[in-house]
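Could you put the whole structure together from the sequences, leaning on the hints where they help?
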Amino acid sequence: MSKLFIVWGTVVCMWLAYANYTGWSLFGEAGSAHKGSQGTGRMYHK
Amino acid sequence: MAGDAEAESAGGKKPAVKTFGCTSCGAPVSVKAVGQTVAVGCPSCGAVIDVTDDNYRIISEAQKKILFFPAIPLGRRGTLHGEKWEVIGFMVRTDGTGVYSWREYLLWNPFKGFRWLTEYNGHWNYIITTRKNPRAKKDSAFYLGRTYKLYNRGEAKAIFVLGEFYWRVAVGETVQVEDYINPPEMLSREVSAQEEIWSIGEYIEAGAIYAAFKPDAPLPTMIGVAPNQPNPEASAALMSWRNAWIFFGIIFLIQIATLVISSHSLAYHKGFMLMGDKPVDKFVTPSFAVKGWPSNLEFTLESPVDNSWIDLDIDLVNDGTGEVREFSHGVEYYHGRDSDGPWSEGGQKKDALLSDTPDGTYHINLDSTVATPPAQKTGAPQQPRVRYFELTVRRGVVSWSAFVLALLAIFAYLVFKSMKQGSFEAKRWEESDFSPYKPTD
Chain E
0 MSKLFIVWGT
10 VVCMWLAYAN
20 YTGWSLFGEA
30 GSAHKGSQGT
40 GRMYHK
Chain W
0 MAGDAEAESA
10 GGKKPAVKTF
20 GCTSCGAPVS
30 VKAVGQTVAV
40 GCPSCGAVID
50 VTDDNYRIIS
60 EAQKKILFFP
70 AIPLGRRGTL
80 HGEKWEVIGF
90 MVRTDGTGVY
100 SWREYLLWNP
110 FKGFRWLTEY
120 NGHWNYIITT
130 RKNPRAKKDS
140 AFYLGRTYKL
150 YNRGEAKAIF
160 VLGEFYWRVA
170 VGETVQVEDY
180 INPPEMLSRE
190 VSAQEEIWSI
200 GEYIEAGAIY
210 AAFKPDAPLP
220 TMIGVAPNQP
230 NPEASAALMS
240 WRNAWIFFGI
250 IFLIQIATLV
260 ISSHSLAYHK
270 GFMLMGDKPV
280 DKFVTPSFAV
290 KGWPSNLEFT
300 LESPVDNSWI
310 DLDIDLVNDG
320 TGEVREFSHG
330 VEYYHGRDSD
340 GPWSEGGQKK
350 DALLSDTPDG
360 TYHINLDSTV
370 ATPPAQKTGA
380 PQQPRVRYFE
390 LTVRRGVVSW
400 SAFVLALLAI
410 FAYLVFKSMK
420 QGSFEAKRWE
430 ESDFSPYKPT
440 D
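Residue numbers (numbering that gives the first Met the number 0), protein chains in the order written: chain E, 0 to 45; chain W, 0 to 440.
Careful, some of the hints might be misleading.
Heads up, simulated SDA-like pairs for lysine to any residue below, C-alpha to C-alpha not over 20 Å straight-line [claimed, not checked]:
no., chain 1, residue 1, chain 2, residue 2
1, E, K2, W, Y436
2, W, K348, E, K2
3, E, K2, W, F415
4, W, K419, W, Y436
FYI, nobody ran anything at the bench for these hints, they're computed from the structure.
Below is the structure:
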């Protein structure tokens, strides 16, 4: 097995494991999501 | 080449060297394969002399100028395939057009007979005549259980001769040739008015030639791909296809493990009703717990929209850290009928995913907007077309897109290797009239 293929296959498998760990998905990912700070207060009425 | 190249000297005695004066220029000419050599090209004037003739008859006249010099000097000895060989003859041949030329070196061992080395564009072949004729049919030849594809068919004309040969070679001698390949081997058929000769050649690295004969000058530079040059990508591509199953297996195992250990649990679910007549409303959910490793959260929005839409601006707030993740989510569903029949687009249910969400306690701020009908002439306030939606939040939903992408990534490598292999093969057949890579007329 060529070294390049070993490296490539290993990277792909590691990426898949990480993607599954974080629950990443190519489709349906809320693209506009971002991190901010809004405090913990309830802003709206229930 | 012609004649029986596998003739061996009788008795294994060390042969004597025969020397005589060139009939054309008088320069001393020596014969080493005494009894086997038939013609000699004079190293001084290039005349080819029949050494079986008592008067050393000239077969072809002296060449005005010696234009070709062997890369391996005549008389140089070297070991190839475990046997010692001496270079005793050198000739240059061209194809029928005179465009392509190649060089042939006759090797001699008094106990093993004759072999050939050929060189074209810096690529070398080690050649021996076959013990029996291969079988040729259409564009293929068959020999010792192997099939060879026709690569070249045409003429070969000797344009320069130097040293000894075991047949009456002459400058201008022309034979019909066919070359069949099955890398690293090549079968060659030469047909003259007198005989039909088959030989089999094996591609040999220039480095092996250099190491064996240690020529005085560098060997010709390799250009392009030789007809029977082994494809370095062929074995690599085959090996990659075999070993790809290891990675395919690992990928399947990772996905199965993910399916087994993912929670896919319900974190939050509630239905919401818009209050009042306004098309916008805001909600805040109670806190809910999200457990497990930092996997994803899937937000499923369902609403009975009908030729209408609803949009949500969602703030997912981590109660512990205050960190907020904001995104938009919505559903729309339209349908009707036109001249082509019924149509529809969108749907009443849609998922959105937030990956890499840590565990903790969260609540959601919802800012909802729904469609309103077109304004009426009466000026009366318009009622929103839909007032209700449900939001479901699930933890640890397994994604299949990463799995598919991983499979494609491995497959892409295999395609890449196969393309490299194909590119080498296309180059191999570039100079052939029988290339499977060229469209047939």
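Consistency of the hints with the structure:
no.: 1; hint: E:K2 to W:Y436; in the structure: violated, 30 Å
no.: 2; hint: W:K348 to E:K2; in the structure: violated, 47 Å
no.: 3; hint: E:K2 to W:F415; in the structure: holds, 15 Å
no.: 4; hint: W:K419 to W:Y436; in the structure: holds, 14 Å
Hints 1, 2, counting from the list given before, are not met by this structure.
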